[in-house]
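Protein chains in written order, with my numbering: chain A, 2 to 114; chain B, 193 to 311.
Careful: at least some of the hints might be erroneous.
[Claimed, not checked] Straight-line C-alpha distance at most 30 angstroms; calculated BS3-like pairs for lysine-lysine: (1) K249/B x K101/A; (2) K101/A x K263/B; (3) K249/B x K72/A; (4) K43/A x K206/B; (5) K275/B x K43/A; (6) K262/B x K43/A; (7) K43/A x K263/B; (8) K72/A x K275/B; (9) K201/B x K57/A; (10) K206/B x K69/A; (11) K57/A x K262/B.
Hints were generated in silico from the structure; no laboratory data involved.
Listed below are the residues making up each chain.
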Amino acid sequence: GESVGLHLPTLSVQEGDNSIINCAYSNSASDYFIWYKQESGKGPQFIIDIRSNMDKRQGQRVTVLLNKTVKHLSLQIAATQPGDSAVYFCAENMAGNNRKLIWGLGTSLAVNP
Amino acid sequence: DGGITQSPKYLFRKEGQNVTLSCEQNLNHDAMYWYRQDPGQGLRLIYYSQIVNDFQKGDIAEGYSVSREKKESFPLTVTSAQKNPTAFYLCASSGPSGREHSSSTDTQYFGPGTRLTVL
């Protein structure tokens, strides 16, 4: 399954499928990007990050892809599990931005058993 | 175990009252942040502090106040001037002693949140 946009869309996938969550970031000068996972009623949790001098970074079951040409960031989750159900946020940071992050609106991922 | 704590988890306020939300971190982070999150929405920055005894307004500072007298603590006061305070409040910190395999000191780490309800 795949989602696009910054208006808190919902992505529904079957357990075991791969998920792709997309994010269109706002500033071409941003040099650092982060994906967070937020479960219901909890604070956001760091998943994976990537710097602008890379176009791909892999973690455990997750991969982040960065396309600077079109200012697009994606999070791929392999073999999606029920525990992956959450809201996923992308965030960007621009050097010299007083250490503030610019946040996307989030995507809700629902995993169907 | 190092981390960020927020208290209380749930808070109820009567209209016209000021309330203070606690945020403490033992990660030795220089920077701390307060966000507000409404149902089904993203995070909006209220205030942030890059160093002790200094803080700056975020995007929605009206009706809120903060202090940063200690590196470990960044309390947020929701004043009676905040017209719609019911929300989920999140505190975060960032700095050189980051964890969870982040490659940047700008990665923010969050507390569990405080849910504030105005009665």
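(message) Just to be careful, I want the Cα atoms of K206/B and K69/A compared with a cutoff of 30 angstroms; is the pair within it?
(response) Between K206/B and K69/A the Cα gap is close to 48 angstroms, so the pair fails against 30 angstroms, i.e. violated.
(message) Run the distance test for K201/B versus K57/A: straight-line Cα separation, threshold 30 angstroms.
(response) 37 angstroms, violated
(request) Take the C-alpha atoms of K57/A and K262/B, compute the straight-line distance between them, and say whether it is at most 30 angstroms. (result) Answer violated: K57/A to K262/B is near 39 angstroms, above 30 angstroms.
(message) Need the status of pair K101/A, K263/B: alpha-carbon distance at most 30 angstroms?
(response) 18 angstroms, holds
(message) Next pair to validate is K43/A with K206/B; report whether the Cα-Cα distance is within 30 angstroms.
(response) The given pair, whose Cα atoms are some 24 angstroms apart, holds under the 30 angstroms limit.
(message) Hint check: K249/B vs K72/A, CA-CA at most 30 angstroms. Holds or violated?
(response) Given that 30 angstroms is the threshold and the Cα spacing comes to 28 angstroms, the pair holds.
(request) For the pair supplied as a hint, K43/A and K263/B, confirm whether the alpha-carbon distance does not exceed 30 angstroms. (result) Roughly 24 angstroms separates the two Cα atoms, so the pair holds.
(message) Check whether the Cα positions of K249/B and K101/A lie no farther apart than 30 angstroms.
(response) Roughly 11 angstroms separates the two Cα atoms, so the pair holds.
(message) So if I understand the rule, the pair passes when the alpha-carbon distance is 30 angstroms or less; does K262/B with K43/A pass?
(response) Holds: K262/B and K43/A sit about 25 angstroms apart, inside 30 angstroms.
(request) Please work out if K72/A and K275/B have their alpha carbons no farther apart than 30 angstroms. (result) Violated, because 37 angstroms separates the two Cα atoms, which is more than 30 angstroms.
(message) Holds or violated: K275/B and K43/A, Cα atoms, limit 30 angstroms.
(response) Since the Cα atoms of K275/B and K43/A sit roughly 24 angstroms apart, the hinted pair holds (cutoff 30 angstroms).
Of the numbered hints listed earlier, those contradicted by the structure are 8, 9, 10 and 11.
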